[in-house]
Amino acid sequence: MPELTPPRREFRNINALNDLPTYRLPAAGWVSILHRISGALMFLLLPLIVWLFDTSVSSEISHDRFQAAFAAGIGFVPGWFLKLMVLAIIWAYLHHLIAGVRHLYMDMTHSVTKEFGKSSAVVTLVLSIGLTVVLGAKLFGLY
Amino acid sequence: MSVNYGSKRVVTGAGYGMRDWLAQRVTAALFALLTLIVVLQVIFTSGPLGYEGWAAIFAPQWMKALSFAVFVALAYHIWIGMRDIWMDYVKPAGIRLVLHVFTIVWLVACLGWAVQVLWRL
Chain A
1 MPELTPPRRE
11 FRNINALNDL
21 PTYRLPAAGW
31 VSILHRISGA
41 LMFLLLPLIV
51 WLFDTSVSSE
61 ISHDRFQAAF
71 AAGIGFVPGW
81 FLKLMVLAII
91 WAYLHHLIAG
101 VRHLYMDMTH
111 SVTKEFGKSS
121 AVVTLVLSIG
131 LTVVLGAKLF
141 GLY
Chain B
1 MSVNYGSKRV
11 VTGAGYGMRD
21 WLAQRVTAAL
31 FALLTLIVVL
41 QVIFTSGPLG
51 YEGWAAIFAP
61 QWMKALSFAV
71 FVALAYHIWI
81 GMRDIWMDYV
91 KPAGIRLVLH
101 VFTIVWLVAC
111 LGWAVQVLWR
121 L
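Heads up: the sequence lines are chains A and B, in that order.
With our numbering, letter number 14 in the first sequence gets 14, and the count goes up by one each step, no holes.
With our numbering, letter number 15 in the second sequence gets 15, and the count goes up by one each step, no holes.
Rather than coming from a laboratory, the hints here were simulated on the basis of the structure.
Among the clues, some could well be false.
As the list claims (entries may be wrong) - Taking beta-carbon pairs under 10 Å as the criterion, some of the chain B residues facing chain A (in silico):
1. D20
2. Q24
3. I78
4. I85
5. D88
6. W106
7. V117
8. L118
Unchecked claim - Here are the computed lysine to aspartate or glutamate pairs in the DMTMM-like style, where the Cα-Cα straight-line distance is at most 20 Å:
9. K91(B) / E10(A)
10. K64(B) / D54(A)
11. K8(B) / E10(A)
As the list claims (entries may be wrong) - Where chain B lies over chain A, by a calculated footprint (3+ residues, C-beta under 8 Å):
12. 29-40
13. 91-105
A quick note: this is a predicted structure, and the numbers were derived from the prediction, not measured.
A virtual CB, placed ideally from N, CA and C, is assigned to each residue, including glycine.
Use the sequences and the hints to build the structure in full.
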C-alpha cells in the first residue's frame with residue numbers, strides 16, 4: 001500500500017536556549033521545575049550522601065575523619081567546597097520534601113484550586129529557602 | 001492505524017498510571033517517616049550529639065530493618081523519578097538505554113553501600 005498521508009510537520013513549542021530564559025514562571029511552576037532539579041541533584045550527589053552517612057556513623061575514627069573533612073578538607077577537596085556541596089544537598093532535600101508533602105496534601109484533600117496552588121507554592125519556596133539559610137548558617141559556623 | 005511494533009515500535013512508556021503514581025507517594029511517605037524519626041531523635045538528644053548519639057540512633061535492630069526497607073523503597077522512588085526525566089528530555093532510544101542502565105547501576109551500587117554501612121553497625 002502506497003504512503004498516502006504526507007509526513008506531518010513537527011511542532012516544537014519551546015526552544016530551550018531562546019525561550020526558557022524569557023519564560024516568567026508562576027510560583028507553582030518554580031516549585032515544579034525545582035522539584036525535578038532538586039531530585040536530579042540528589043541523584044547525582046548520592047555517592048556523597050552515602051559517604052557522609054558511612055563516615056559519620058561507622059566508627060569514632062571515621063567520625064573524626066568526617067568532622068575533619070568539613071574543617072580542613074579531605075584529599076584534594078577543600079572544606080569550604082564540601083560545605084557548599086552539603087548546602088546544596090540540604091536545599092535539595094528540603095525543597096523536595098516540602099514540595100512532596102504539598103503534593104500529598106493536594107492528593108488527599110483534593111485542593112486543586114488555582115489560589116491554593118499559588119499560596120502553597122509560595123509557602124514551599126519560603127520554607128525551603130528559609131530553612132536552608134538557617135541550617136546553612138549553622139553549617140558555615142555563623143552561630 | 002500507525003505501526004507500533006517491530007522496528008517501528010515507539011520506545012516510550014513504562015506503565016504510567018496508578019502503579020507508579022502510588023509507588024512514588026508511598027515510597028516518599030516512607031522516607032519522610034524515617035526522616036522524622038531521625039530528626040526527632042537528634043533534636044531531643046540532651047547535650048551535643050557526637051558520635052555516640054548519632055550511631056545510637058541507627059543501632060537498634062528495628063531501626064536497621066526499617067532503614068533497610070526504606071532505603072530500598074527510596075531507590076525505587078529515585079528510579080521512577082530519573083526514568084521520567086530521561087523519558088522527557090532524551091528521545092534517541094540508544095542514549096536513553098545507556099542512561100537507564102547508568103541510573104540502575106548508580107542506584108544499586110549506592111544502595112549496596114548504604115546497606116553495608118547499616119548492617120555492620
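Hints, verified against the model:
1. For D20(B), the interface hint is violated, since its Cβ never comes within 10 Å of a Cβ in chain A; the closest pair sits about 14 Å apart.
2. Of the supplied interface hints, the one on Q24(B) holds, with its beta-carbon coming within about 9 Å of a beta-carbon of chain A, less than 10 Å.
3. This hint holds: I78(B) has a C-beta 6 Å from the nearest C-beta of chain A, less than the 10 Å allowed.
4. A hinted interface residue such as I85(B) counts as satisfied when its beta carbon comes closer than 10 Å to some beta carbon of chain A; here the least separation is about 6 Å, so the hint holds.
5. Interface hint status for D88(B): upheld, as the beta-carbon distance to the closest one in chain A is roughly 9 Å, under 10 Å.
6. Taking 10 Å as the C-beta contact cut-off toward chain A, the hint placing W106(B) at the interface holds, the least distance being around 7 Å.
7. For V117(B), the suggested interface contact is upheld, since its CB lies about 5 Å from the closest CB of chain A, less than 10 Å.
8. The beta carbon of L118(B) is positioned within 10 Å of a beta carbon in chain A (closest approach about 9 Å), and the interface hint is therefore held.
9. Straight-line distance between C-alpha atoms of K91(B) and E10(A) comes to about 14 Å, which keeps the hinted pair within the 20 Å bound.
10. A threshold of 20 Å between alpha carbons decides the hint, and for K64(B) with D54(A) the separation of about 14 Å falls inside it, so the pair holds.
11. Restraint check for K8(B) and E10(A): satisfied, since their Cα atoms lie roughly 18 Å apart, inside the 20 Å limit.
12. Judged by the Cβ-Cβ criterion of 8 Å, the stretch 29-40 of chain A is covered by chain B as claimed, because 3 of its residues qualify and three suffice.
13. Coverage of the stretch 91-105 of chain A by chain B holds in this model, with 5 residues showing a Cβ closer than 8 Å to a Cβ of that chain against a need of three.
In this structure, only the earlier hint numbered 1 is contradicted, and the remaining ones agree with it.
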